[in-house]
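**Q** Line by line, the protein sequences give chains P, F and X. Counting with the working numbering, you get residues 1 to 217 for the letters of the first sequence. Counting with the working numbering, you get residues 218 to 676 for the letters of the second sequence. Counting with the working numbering, you get residues 677 to 1158 for the letters of the third sequence.
Hints are computed from structural coordinates only; laboratory data are not their basis. Just to be clear, a hint being listed does not mean it is correct.
[As the list claims (entries may be wrong)] Keeping only pairs whose Cα atoms sit at most 30 Å apart, straight-line, the calculated DSSO-like set for lysine-lysine is:
| # | chain 1 | residue 1 | chain 2 | residue 2 |
| --- | --- | --- | --- | --- |
| 1 | P | Lys23 | P | Lys135 |
| 2 | X | Lys916 | P | Lys189 |
| 3 | X | Lys997 | F | Lys416 |
| 4 | X | Lys720 | X | Lys794 |
| 5 | X | Lys794 | X | Lys884 |
| 6 | X | Lys884 | X | Lys720 |
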Amino acid sequence: MVIDLARCNGCKKCTEWCVTEHKVPPAWGNPSYNGYQEWIAVVQTSNDPENAAPFRPTPCMNCMNAPCVKVCPVGATYYNDENLVVVDNVRCIGCRFCMAACPYDRRFFNWGEPPHTPDERFINYTPDFPVLHTKGTVEKCNWCSHRARMGRLPACVEACRNEGMNAIFFGDANEDVITNGEEIFSLSKILASRGGYRFMEELGTEPSLYYLPPTGK
Amino acid sequence: MMDESAATPKLVLPLTNYGKAYYAFVGLLLGVVGFGTYAYSTQLQSGLVVTAMRDNVLWGLYITNFVFFIGISHVGALMSAILRLSGAEWRKPITRMAEAITACSLAVGALMPIVDLGRPDRILNIPLYGRIQSPILWDFISIGTYLAGSLVFLLLPLIPDIAMLRDRLSGVSSLRHRIYRTLSFGWRGTPYQQDRLEKAIGVMTILIIPIAISVHTVVSWIFAMTLRVGWNSSIFGPYFVAGALLSGVASVILAMAFFRHFYHLEDYLTPKHFRNLANLMLTMIIVYIYFVLNEFLTPAYKMETAEGQLLGALFTGEFSALFMAAQVGGLVVPAILLSLRRTRNILGYSIASMLVVVGIWIKRFVIIVPALARSQIAEFWATYQPSWVEWSITAAAFAGFILLYTVFSRVFPIVSVWETAGISEVPSETASPTTISGFGFTASQASSVQVGSVSGEDL
Amino acid sequence: MNLQIRRNKLLYVALALLAFALILPPNVFAHANTPPAGASEQIKSFAVIVNRYGFNGTDKTLSLNLVQGDAVHIMFVYGDEDLPYDNPHVIFLVGYDLGTTVISRSDPIAALDFIATKTGTFAFYCLVPCVGMENLEYGAAVVVPRPPGSLPTTLDVALDGVTVQGQSVNMAATLAQGSQPVSNARVDFYVSTTFGPMRVGRAITDEKGLARIGYRFTASGNLAVIAAFEGTESLAPSGKQLNVFVEPRPDEPIVVGILPDAMGENRPTLPYALGQNQIPDIRAVGVPLSQSLPVITLVLLIVGSVWATYAYVFAQIRAIKRGSPPEQERKEGGEEKLQRTSARQGLDKRILVGIVLIVVVVGGVFAYYQFAATPQKQVETVEIDIKAVTEGGVVRHIFDPSTITVHRGNHIVLIVTNNAEDGTTHGIVIAELNLNTGSQRSGQQAKLEFDANTAGTFSILCSVPGCAPDHAQMIGQLIVAA
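Please put together the full structure from these sequences, using the hints given.
**A** Set out below in structure tokens:
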């Protein structure tokens, strides 16, 4: 995933669509979007009006050297066949070690029992689409891996395209291509030309998420 | 061959002489434990939302208690094993006290992470699907091993005493007598059995030391194996072990003072013992201060951004009161108390130990919570005010520990009888002049006795 | 005087006829500015008389109507020969900044040749002081924009180089307008991806209308290479698509290429309804057995030795419980006691060794099942040929064998060979499993590798529409037996 910081205007539509798509549980007092967990949190990094990119959407980084996968005692968080980090909430024991290990603070805990809608109960739980949420387990953004299997883009990407910002790109590193629903770019070329970087690269977690800094104009 | 055991009434008196104060004390402790259980039941029902932990400060009082109690449990290895190995004869009256603290605090400490789990009903997933790469699995293995080892280490020197109780203590319920009979393993004091016991104790003495060191090292790695600022430090292993030894010694001093006063064991727990342990504690305080300096001076010199923010919170920010209480009140003040001639008495030692114990508990809190509250991403900073559920369960943990320890001291002699044979008791005015129930000896008969000559004493 | 005027009029007519005669193929003007290649073929010629009364003898505005892209030839003819003296003129065209040579009695004809690229109204007038200069100010060349798309262009694209994933090829596009190559035009190159066509390069056509870029394929499978020309005001846009099959890297299985339109109706669908999880549970422990084995062994040794020592201690306790030899024997002789104790010690040692062995074996088995990689699947290799058989004079194309059975859970390797001797191009597609070999020319081979996770019967069809008249009848079956 690549996020173009120059294009994000902090509208938080990505968070809204994510919350709706996954029926995200409440945040129980944490920083939230209308009371729901912000699996993709749009963080305002600067109050300076001159700052060209004061907003940073922060989903899960899907690290290739993920500290959360390393420390889970029961193997409840693992890499699925698309190399995305997912959480199996049937096995999770709620020790929250993965949350302590994540340096980006991108995991959330169901401190209480989340509310359920009747139609949720007809969905068979899979780690790719973690609805029904249960009390005492860990949640996180999983890059909509259920959508990837259907050939669609993640909810946040489609939300940003819908709003016209087109700031979030999703793609395949092996094929070297990313798209935001409208434009298609070569991943390696756009990272090279725009100077794409990864957040807290020095920690060695090898995130799969790149940020594109704003170009000086 | 067992010689006739003469009176060591003070040591066995508590085993049968249950006064009103005892029952009241136990009742109080049971009450606290009961309330804690009720608090836990609300947590089981509604989930961890009843605590004050949230997505940022995701570990709080429960893990603080866990680290603290596992820390205290190191005293068994230090007191019994190291002192046994070094041939310090003065350690004999206090070894069992120390080993009992180990066993009881391990039992309570091992429960704390289970209380902290979001899904305790899935606890079996750990052995079933356990991943050896996870520090929690290392914890599981090492604490389990240490618990087994410390129970064995507690039991072994207890066997001759249990045999004595089995043979000579009357007026106890048949259940208790059966317990004594089972746990004495047919001890008769024969040289063959002594030989076996000697071998077993010798092996365990040597084995328990690396296990104990590994336990708290592994516990510290739960924090040190993450990338969090404040936890991402390579000296956490020895740092935590030093703190554990310090808190363990302090707890033994407290236990000694308690038993000396309430069980009238002045003959066995002399000021010399207190002095030696106090010197040991002073040494440990200095060692721990050395580690604290290492832990905070090095990042403070460099003032890397995220570390600098954490240090700011600790030294001048919202955690400064707790931090200073832990460091100054928990380390510097006790060190002073232990050094000044005026306070070098049992009362002074006890106060210093109490300060150390409380200070170490606060220190554990200060290691865990600020690093979570002040994570590297400034937008997610949070605060933490523990809820009544967490405080109740903490109180219940302490009460449970004290309860286990007190009941142990009332079922088994807290000072090893056969090892301290040779210490003559001064008749105490408080002892009843008539026959002490259960023993058939008057208090005036105080002749030294050899309860089985075990050459293992010189270990 | 009458005769003079009549002679002048004759001259006028002759010159006018000459001028009209000159609206002929431009080859006549070989010496003059040849309209550059690639421009429109429209050539507009004008003849304008320049005298002291104005352009064409009048001071009314002379508008020359041009269309952008025209090749313009304006011939100016000297019209002041009835003057007894020379009245030279030089005509200058504003905007294009073009000036004629001197138009005078001795050089009566001069011309302006240019391509009307700029649109607008451009004045032309006499530049040098002359008699009647004030009348020669009202010339105008009016250039209107060419209506778009009016000139059709053709674009052709070709690849040179081997189309293998990871290797560079040259993509070349040729842009022509009719039979004339278009130069200086911008051509974009696209390659199809999972998400649609992605622009991979841009080049300008040279004077032969050729634009080329180098490109290295990052994906493999059925891809489309597209060249596109946006069009200009005079030239219509055009494009061309070339379907290629990119060989995967030698050690990689075929990545199924999804043709453009991956987001539309033809996007692949899940083989199962969402929620019925048939995806195998991959708990990638992250460390293969070969790397973790030393660590596991070390851990097991340490922990195992501790528990083995415990076992020794338990053995001691058991010995205590069993009690000592009777007292008489003890009193009688140390030797017997020694024998008994040593016998017991021997037994204890054996117990100890036994327990250590059990610990190591159990631990090893546990570790193996924890850390073994995904259990080795069996690999089944199946060969399918596509053949052309003649039956009763009719050529039918078939799969041989037409029914393949494989076992669920195995890793299947399908080798497809196009052995149709009639030279037709075929391929295999198994839609339900998202498998497609693309197109194989006669004699070519393709390999499909997949894990047969779902049981069932799947249809094998030909992946090249229109390969042969009986394309729709090319059907086979793949049975995945549970």
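**Q** Look at each hint and say if it fits the structure.
**A** Here is what the structure says about each hint:
{"no.": "1", "hint": "P:Lys23 with P:Lys135", "in the structure": "holds, 14 Å"}
{"no.": "2", "hint": "X:Lys916 with P:Lys189", "in the structure": "holds, 25 Å"}
{"no.": "3", "hint": "X:Lys997 with F:Lys416", "in the structure": "holds, 15 Å"}
{"no.": "4", "hint": "X:Lys720 with X:Lys794", "in the structure": "holds, 15 Å"}
{"no.": "5", "hint": "X:Lys794 with X:Lys884", "in the structure": "holds, 24 Å"}
{"no.": "6", "hint": "X:Lys884 with X:Lys720", "in the structure": "holds, 25 Å"}
The structure shown violates none of the earlier numbered hints.
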